[in-house]
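Enquirer: As a plain string of letters, each chain reads:
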Amino acid sequence: MSHLELNGLSLAYQGFSLSVDLSVNEGEFLTIIGPSGSGKSTVLSLIAGLREPSSGSMLIDGKDVTNLPAQKRGVSLVFQDYALFPSMNVEGNIGYAMKLRHVKRQQRQEEAKALLDFVHLPGYGKRKVNTLSGGEAQRVALARALSSRPSILLLDEPLSALDAALRRQMKDEIRRIHDAQPGLTTIYVTHDREEAFSISDRIAIMMDGHIRMVGTPEEVYRKPDSLATALFTGEGTLLSASLFDLSIDADQVFFRPESVRLREHAWSNDSSAWLLLEGAEVVSAEFLGSRYLLGLSWKGLPLIAESPTRPSTRTVTASILKSALMFFKDGQAVNQVLVQSRCSGGNR
Amino acid sequence: MRGKDHFYSMSALLPMAVLLAVFLLPLASTFSRAFISDGAFSLELMKDVVSDPYTWHLLRFTLLESMVSAVVSLLLALPGAYLFANYDFKGRKLILSLSSLCFVLPSILVVLGFVIFYGNSGVINQVLEAITGRESPLRILYSFKAIILAHAFLNMPVALSLLSDSWEHWPRNTENAARTLGARPSRVFFNITLPHLLPSMLSAAMLVFLFCFTSFSIILVLGGGPEYTTLEVEIYRTNNILLDSSKASALAVFSTLINLVLILLSSLASQRAKTQGDDRTSRKRKVEKTRTRIILLVHNIILLFFILGPLVSIVLRSFHSTSKRYGEGFSLRSYQEIFSVVSTTGAMSSALEGLVNSLITALVTALLSTTLALLLALHISHRKSKTLEVIAMMPLAVSSVTLGLGWSIIRSSVDSSSLFLSYLFVILAHLVVALPFALRSLLPAAKSLDGRTLQAAYTMGASTGRACLGVEVPALHSSMAKAFIFSFALSMGEVNATMTLAEGRVVTLPILLYRLINSYNYQGACAVGTLLILATLAIFITSQVLSEDRRTP
Numbered sequence: 001m002s003h004l005e006l007n008g009l010s011l012a013y014q015g016f017s018l019s020v021d022l023s024v025n026e027g028e029f030l031t032i033i034g035p036s037g038s039g040k041s042t043v044l045s046l047i048a049g050l051r052e053p054s055s056g057s058m059l060i061d062g063k064d065v066t067n068l069p070a071q072k073r074g075v076s077l078v079f080q081d082y083a084l085f086p087s088m089n090v091e092g093n094i095g096y097a098m099k100l101r102h103v104k105r106q107q108r109q110e111e112a113k114a115l116l117d118f119v120h121l122p123g124y125g126k127r128k129v130n131t132l133s134g135g136e137a138q139r140v141a142l143a144r145a146l147s148s149r150p151s152i153l154l155l156d157e158p159l160s161a162l163d164a165a166l167r168r169q170m171k172d173e174i175r176r177i178h179d180a181q182p183g184l185t186t187i188y189v190t191h192d193r194e195e196a197f198s199i200s201d202r203i204a205i206m207m208d209g210h211i212r213m214v215g216t217p218e219e220v221y222r223k224p225d226s227l228a229t230a231l232f233t234g235e236g237t238l239l240s241a242s243l244f245d246l247s248i249d250a251d252q253v254f255f256r257p258e259s260v261r262l263r264e265h266a267w268s269n270d271s272s273a274w275l276l277l278e279g280a281e282v283v284s285a286e287f288l289g290s291r292y293l294l295g296l297s298w299k300g301l302p303l304i305a306e307s308p309t310r311p312s313t314r315t316v317t318a319s320i321l322k323s324a325l326m327f328f329k330d331g332q333a334v335n336q337v338l339v340q341s342r343c344s345g346g347n348r
Numbered sequence: 001m002r003g004k005d006h007f008y009s010m011s012a013l014l015p016m017a018v019l020l021a022v023f024l025l026p027l028a029s030t031f032s033r034a035f036i037s038d039g040a041f042s043l044e045l046m047k048d049v050v051s052d053p054y055t056w057h058l059l060r061f062t063l064l065e066s067m068v069s070a071v072v073s074l075l076l077a078l079p080g081a082y083l084f085a086n087y088d089f090k091g092r093k094l095i096l097s098l099s100s101l102c103f104v105l106p107s108i109l110v111v112l113g114f115v116i117f118y119g120n121s122g123v124i125n126q127v128l129e130a131i132t133g134r135e136s137p138l139r140i141l142y143s144f145k146a147i148i149l150a151h152a153f154l155n156m157p158v159a160l161s162l163l164s165d166s167w168e169h170w171p172r173n174t175e176n177a178a179r180t181l182g183a184r185p186s187r188v189f190f191n192i193t194l195p196h197l198l199p200s201m202l203s204a205a206m207l208v209f210l211f212c213f214t215s216f217s218i219i220l221v222l223g224g225g226p227e228y229t230t231l232e233v234e235i236y237r238t239n240n241i242l243l244d245s246s247k248a249s250a251l252a253v254f255s256t257l258i259n260l261v262l263i264l265l266s267s268l269a270s271q272r273a274k275t276q277g278d279d280r281t282s283r284k285r286k287v288e289k290t291r292t293r294i295i296l297l298v299h300n301i302i303l304l305f306f307i308l309g310p311l312v313s314i315v316l317r318s319f320h321s322t323s324k325r326y327g328e329g330f331s332l333r334s335y336q337e338i339f340s341v342v343s344t345t346g347a348m349s350s351a352l353e354g355l356v357n358s359l360i361t362a363l364v365t366a367l368l369s370t371t372l373a374l375l376l377a378l379h380i381s382h383r384k385s386k387t388l389e390v391i392a393m394m395p396l397a398v399s400s401v402t403l404g405l406g407w408s409i410i411r412s413s414v415d416s417s418s419l420f421l422s423y424l425f426v427i428l429a430h431l432v433v434a435l436p437f438a439l440r441s442l443l444p445a446a447k448s449l450d451g452r453t454l455q456a457a458y459t460m461g462a463s464t465g466r467a468c469l470g471v472e473v474p475a476l477h478s479s480m481a482k483a484f485i486f487s488f489a490l491s492m493g494e495v496n497a498t499m500t501l502a503e504g505r506v507v508t509l510p511i512l513l514y515r516l517i518n519s520y521n522y523q524g525a526c527a528v529g530t531l532l533i534l535a536t537l538a539i540f541i542t543s544q545v546l547s548e549d550r551r552t553p
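So the protein sequences, as listed, match chains R and W.
Using the numbering used here, you'd call the opening residue of the first sequence number 1 and step up by one each time.
Using the numbering used here, you'd call the opening residue of the second sequence number 1 and step up by one each time.
If we strip away everything but chain W, and leave its shape as in the complex, we get (with noise of 0.2 Å):
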């Protein structure tokens, strides 16, 4: 099929072709600042950066942050999944679905909850006060702790689902043989259970060490200081606030060639860990002790009340008004400002604008990445094109910092004042962010594809490209909206990159949280994040029951 062949290449030349752009053109000029100096190739800012025992503080400091945070997050998720692998109950499927809310959650939100729930007047606080009456406050913000509780929340849902679902699947027998041949109930976990989970437990942690190692808003403002920095916030604060691009693409260039190594070594790490067991059977049971019923309804009730508790905290504080001068108690006047129905200054004054401005880019970002990801997909699944696969998902080993960094100095070189420009720089910026994931949501379905059918097709005299438009494009249509929906919720909560890019004009709503965050506006913050929480929960219960319809592919 020589004609097939060629139809599969034309169309992923164009995608190719965007993918390439939107992701060299940045990283390219990251390179290029860091490693040209008037106008030759140099070394010069990179020998800095390296001798600079600052950069190795806030690698180290980088480091033991993603493993701390690894190693609670892990710790955390052991009782549940323990719990939820092994039992049946009611509500298992929904807290399992609200515990992965979390990690779909933009970080800003998360950063502003905690702020909220954590804070010196926040629920937490209140709650400590009110047990032991004493006056003075936990500090938890801004600090070490607060870094690594707001990693654990964003990241927990990830090691449960990962261990869990590994351990639900692992049929009894193994344990059962272990117990009649005389093993006490400790002896099989710790000679039997746990070798069996540790490989799936190693490549949990190694996947939230990656994820920590980039973290950017959460370290940005829960940090609170440079004491806390990581490599990630100290590119911004270089670029944006020192406004030496220089040394910021020199300590780019140094950051991502740390995590590409740490990429390498998770992916042989997580190599070892197969999925043993058949994901029909499953070792669930139906709770039957008492003793049990209560472990489980406490262990559920404290985990919706550390998943909930910050959410729900900004949905109440956003109708709660602490200003003197409108009066305190409750509000609408944040409401009120955003659809500006009463004036206001500041940062609010933009709000109805940014929720406009989100929704815009995330439209437009989400349509072409699941576009450009169909396409690379069905390529890549035709012609079973390794390479292009990897290209393809190299972004995700690219800090979006980093990425950004790139747009805004390919940004600061265009010299032109269109609005349109600005629009499409943020939307490139996070089209190079939502692409990788559009493409994995799609990939596993075009590679399941049934190649008869399209052999169907074309037997009864359907052209290549009618075959494709009318057979494989509709069956891959849930995949597609999964990537579309997966698409439009990393851009409406894409901080990083959008923020070091700095594109002034077009202020999205993540971005107006930080500045309310950052104003001490904790009202109009809440309302903002309301609004977030809101689309986010729209895209998540949409893409749920999405996956509820996925069942028989």
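This is chain R alone, in the form it adopts within the complex (with noise of 0.2 Å):
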């Protein structure tokens, strides 16, 4: 059984409708992902109690939980600005949820000590939250949410006031902090595909106000479901099939810029594996550290190739494996791969 199921979960306003479902495991870690304004956020609102659903329903290990408001949900949230009580100092703000089960001072005080020292902030009880620095402010923050023992921790895009050094440091130590609490479901809101598919268990890519498709960060990026998902979770170059001689019955051909190679000459041994793109302008080269981002033209169109060196002619062959081609119609995927010797690039 799930630990938590979203039934339709949905919500309108000003022109814009959400509607969602979703189930996650037990101590499990998703990722919700999409573009500004996909209702990533609202969704977590949801979740949270903190917004009403116009419809659908909500389960919590089975249990109906819609109506349920937020302060009896055991869910925690953390906010995108971490929203620390300014009125109270560290310890107090992570003693807060304690103080409302009426815990004892001197047990808030032990548990705050201790839940400090779990996000490495050791010795900040003490301290103002508006001395805190932006880091320091996001550990307090999940302390905070941590110190209801939630079953559920919902994370709203909590590394995007930080900057990047900080942001990896960060997300390693929020997987980490949901790692060492067994049976913790983690739910993280994030436009940052990068960001998603290092942390997650499962993505779900959010579009429209709706879930387009949840798997597993290969999963959504390797075999996209759509277009639009394709798209999103990476670049590449999308082509129509009409250019190629296909078997298979669909309109768009899309591929990544790893699985594409370049030559100066064509092979023509290995066209059962790769599909060759015979005279390719190299357009722009960009440097990436590791590798080149290339910008290719082919009979006018543009594609987007990876290579590790800096190609040392003008026209190469670009050959792009097989097995890596995704094909959609009408955006939908096709569940096909191509394996034919026939398809080819046209006029050789």
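Hints may contain errors.
Claimed, not checked - Listed below are the simulated DSBU-like cross-link pairs for lysine-lysine, each with C-alpha atoms no more than 35 Å apart in a straight line:
| hint | chain 1 | residue 1 | chain 2 | residue 2 |
| --- | --- | --- | --- | --- |
| 1 | W | LYS90 | R | LYS128 |
| 2 | W | LYS145 | R | LYS171 |
| 3 | R | LYS223 | R | LYS299 |
| 4 | W | LYS384 | R | LYS128 |
| 5 | W | LYS284 | R | LYS128 |
| 6 | W | LYS90 | W | LYS286 |
| 7 | R | LYS72 | W | LYS284 |
| 8 | R | LYS63 | W | LYS90 |
| 9 | W | LYS284 | R | LYS99 |
As the list claims (entries may be wrong) - Now the in silico label distances, taken between C-beta atoms and shown as ranges:
| hint | chain 1 | residue 1 | chain 2 | residue 2 | range |
| --- | --- | --- | --- | --- | --- |
| 10 | W | LEU257 | R | GLY37 | 53 to 61 Å |
| 11 | R | SER284 | W | LYS93 | 49 to 57 Å |
| 12 | R | GLN14 | W | ARG291 | 47 to 55 Å |
| 13 | W | THR453 | R | TYR13 | 38 to 46 Å |
| 14 | W | VAL545 | R | TYR13 | 26 to 34 Å |
| 15 | W | PHE305 | R | SER160 | 41 to 49 Å |
Unchecked claim - Interface residues of chain R toward chain W, partial, derived using beta-carbon atoms under 7 Å:
| hint | residue |
| --- | --- |
| 16 | LEU50 |
| 17 | SER76 |
| 18 | LEU77 |
| 19 | PHE85 |
| 20 | TYR96 |
| 21 | SER148 |
Simulated from the structure, these hints should not be mistaken for lab results.
Cβ coordinates follow ideal geometry from the N, Cα and C atoms, glycine included.
Starting from the two chains in their separate frames, assemble the complex, guided by the hints.
Expert: Set out below in structure tokens:
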């Protein structure tokens, strides 16, 4: 049985309608990604009970909690701007949930101290919250969210206010915190797909108020079930299927830059595994450190490719791994793999 | 840029001289009257004042009345602040601007509105009589209640706008965090919301307290007797009725010192009221629940009833005659008297003259104060002169009754019956009241002027003066208009300094209003009041339109 289940949980406001079906397992780390305005944060508000759905239901451990107020759900939320209580010090913030549950002062202090140690902020108890740096405030917000011993932890773009180095560090920290709490279900919202790939067990792609696909990071990147998901989860080249002599009923072909190899001369003997696009012109070469990102022009169409070296000639042959080609018809994935050797790049 | 510094210093010389003249001159004359007797320095007068138990009684009452007014204004503003900060609904902006209209109303008009609305045969008592069937009216006027009520009417909007502003721009997240941690709504309010609002509440209360401490015409008329007299009213009474300007001056010195201490305390307290949150964020929501809709409706109807009630009563009463001589019921007589269609005696005979006088003084005052404030603002912003800024704001720390007293002492020592001089004194008395407000309207805009546009003008060959007139001044147009309107409105409604100055020959509308109320000619007072309402409304609407235009600075 899944730990959290959203069944057609809907909300309509100001010309935007949201409707979500989602099921999350106990102990799972699920990330919701999507463009801004897709309704990610609203889903968290609904799960936390901060907004009332217009229809649908929500179950935790099989129990209907749709009409339960926020304070009775056992769901903690870490806000994008941390939302620490300015009128209390760090210890007061972390001890607040326990105070509401009439935990004795001394025990509160001990627990707060333990939580501060856990988030690597020992001795911060008496600090005022407005003296904390972004990363410190984030850790305090995490400790506070954990203090109510939630079964579900919600994180709303918690890293968006931090700089790049701190983001990586805090990302690992968040995953560590999740792993250290057995049974804790975490739902993480971000618009950064690399962050999502590296931290999640599963990823839910959200667009225009609906969840388009749920899968492991590998699945949503390599086997997206729609073109929109493919385009959102990473870069690539989209070509019309009519350019090729395909045996597959699809209207569009898509491939990632890393599925492309460049050769200066065509190899005729490996055409069974590769789709060859001859006479591609190198338009741009962007150095990314570990590799080059190349912009090519083939028959006037733009292609994106990766290469470990800078091409030495202006004209190259782009070979694309056939098994990495993705086919779409009307925006939906066509689940077929191209194996026939008949497919070719046209005028050779 | 030595030439530039020179230019802005020179251009500020005249306004500085005027500022010192209109402020220091009356203040000095009050102080010298208080400290010099028989041609020598003496502390006798001050000693008399400080050792008189009546002075301390006055101080106690003034403090009490200000404190109660502040607390009542704040409490009345709280429900509205909550609703206006949290909900978006039709008419929200209109009601907010209507309530801020109260604040710009001349206080004598509020007095009149209260007399008509809350009087023994006023609207409130008629409503009560219709409901309960009791014949004996509820006596509201001429009591402590009336003073507090009138102060709340004038100041509740200030508290409302300060509070709802700081509330509206505070994101909900902090409160939501408390909810997800298990706090019930009441707990969230007391643990999270209230601590956030406390500094704004304190600073709003302090502001109202200071306004009420130097309140004058409301106490004078609505207090209705020596039992409810404040320091300001006592200064006026001592000078203008007991004709003892020396004792009045000593009292004024005492009052000014107390006022300064209070201002110092409040500025210390309001330093904590930092605005948290972001002006761009808003926590307003569409109203969804029927219950909220009903609460909003009831609140707004009550609010509008008490805000508009007194004003509408004035307008209606101006068409209603209770005179046995001219017949009861609908009548245009007072308007005919104002515009001399029918002849009349008494105060009403100078109504048209009062209207003309008010317009002339307001126009001249507004022109002068805007020009002077502009020059001062440019100087302060270019030279970053903190000192001048403080000096220019100093008239705010001295009550207008005290300044009026100073002018009346100077006036009595000038032995001339020139009509021009009479106007000059009234205008100077108004100018010192208006100038700090005009400067406050201009200074933020002048400070935020982009210095690079000026530098661009210099590189294109414009002289300092040319660049100032061609680049800076046009960029300040809308703020100048605001300063002008603000000064105009203040002068139109000025009572305190004008009455204390007692320049018998220049009768302005507010003074006329006071005389008419005192002679129980309510229809006449209401007709004059209606003119004043129309003028205020016109000024108010213009300023609202201007502030709409100024969205993008």
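Enquirer: Could one say that the CB atoms of SER284/R and LYS93/W fall in the range 49 to 57 Å?
Expert: About 52 Å separates the Cβ atoms of SER284/R and LYS93/W, which means 49 to 57 Å holds.
Enquirer: Does TYR96/R hold up as a contact with chain W if the rule is Cβ-Cβ below 7 Å?
Expert: For TYR96/R, the interface hint holds, since the closest Cβ of chain W sits about 6 Å away, which is under 7 Å.
Enquirer: Check whether the Cα positions of LYS90/W and LYS286/W lie no farther apart than 35 Å.
Expert: holds (10 Å)
Enquirer: Can you verify the interface hint for SER148/R: is its Cβ closer than 7 Å to any Cβ in chain W?
Expert: holds (5 Å)
Enquirer: Holds or violated: are the alpha carbons of LYS63/R and LYS90/W at most 35 Å from each other?
Expert: violated (40 Å)
Enquirer: Taking only the CA atoms, is the gap from LYS284/W to LYS128/R under or equal to 35 Å?
Expert: Within the cut-off at roughly 29 Å; holds.
Enquirer: For the range 47 to 55 Å, tell me whether the beta carbons of GLN14/R and ARG291/W fit it or not.
Expert: Violated, at about 22 Å.
Enquirer: Holds or violated: the 38 to 46 Å window for the beta-carbon distance between THR453/W and TYR13/R?
Expert: About 43 Å separates the Cβ atoms of THR453/W and TYR13/R, which means 38 to 46 Å holds.
Enquirer: Would the pair LYS284/W and LYS99/R pass a check requiring their Cα atoms to be no farther apart than 35 Å?
Expert: holds (30 Å)
Enquirer: Has the hinted range 26 to 34 Å been met by the Cβ atoms of VAL545/W and TYR13/R?
Expert: 32 Å Cβ-Cβ, so the 26 to 34 Å window holds.
Enquirer: Hint check: LYS384/W vs LYS128/R, CA-CA at most 35 Å. Holds or violated?
Expert: OK: LYS384/W and LYS128/R at ~34 Å, within 35 Å.
Enquirer: Within 41 to 49 Å: is that where the Cβ-Cβ distance between PHE305/W and SER160/R falls?
Expert: holds (48 Å)
Checked against the numbered hints above, the structure breaks hints 1, 2, 8, 12 and satisfies the rest.
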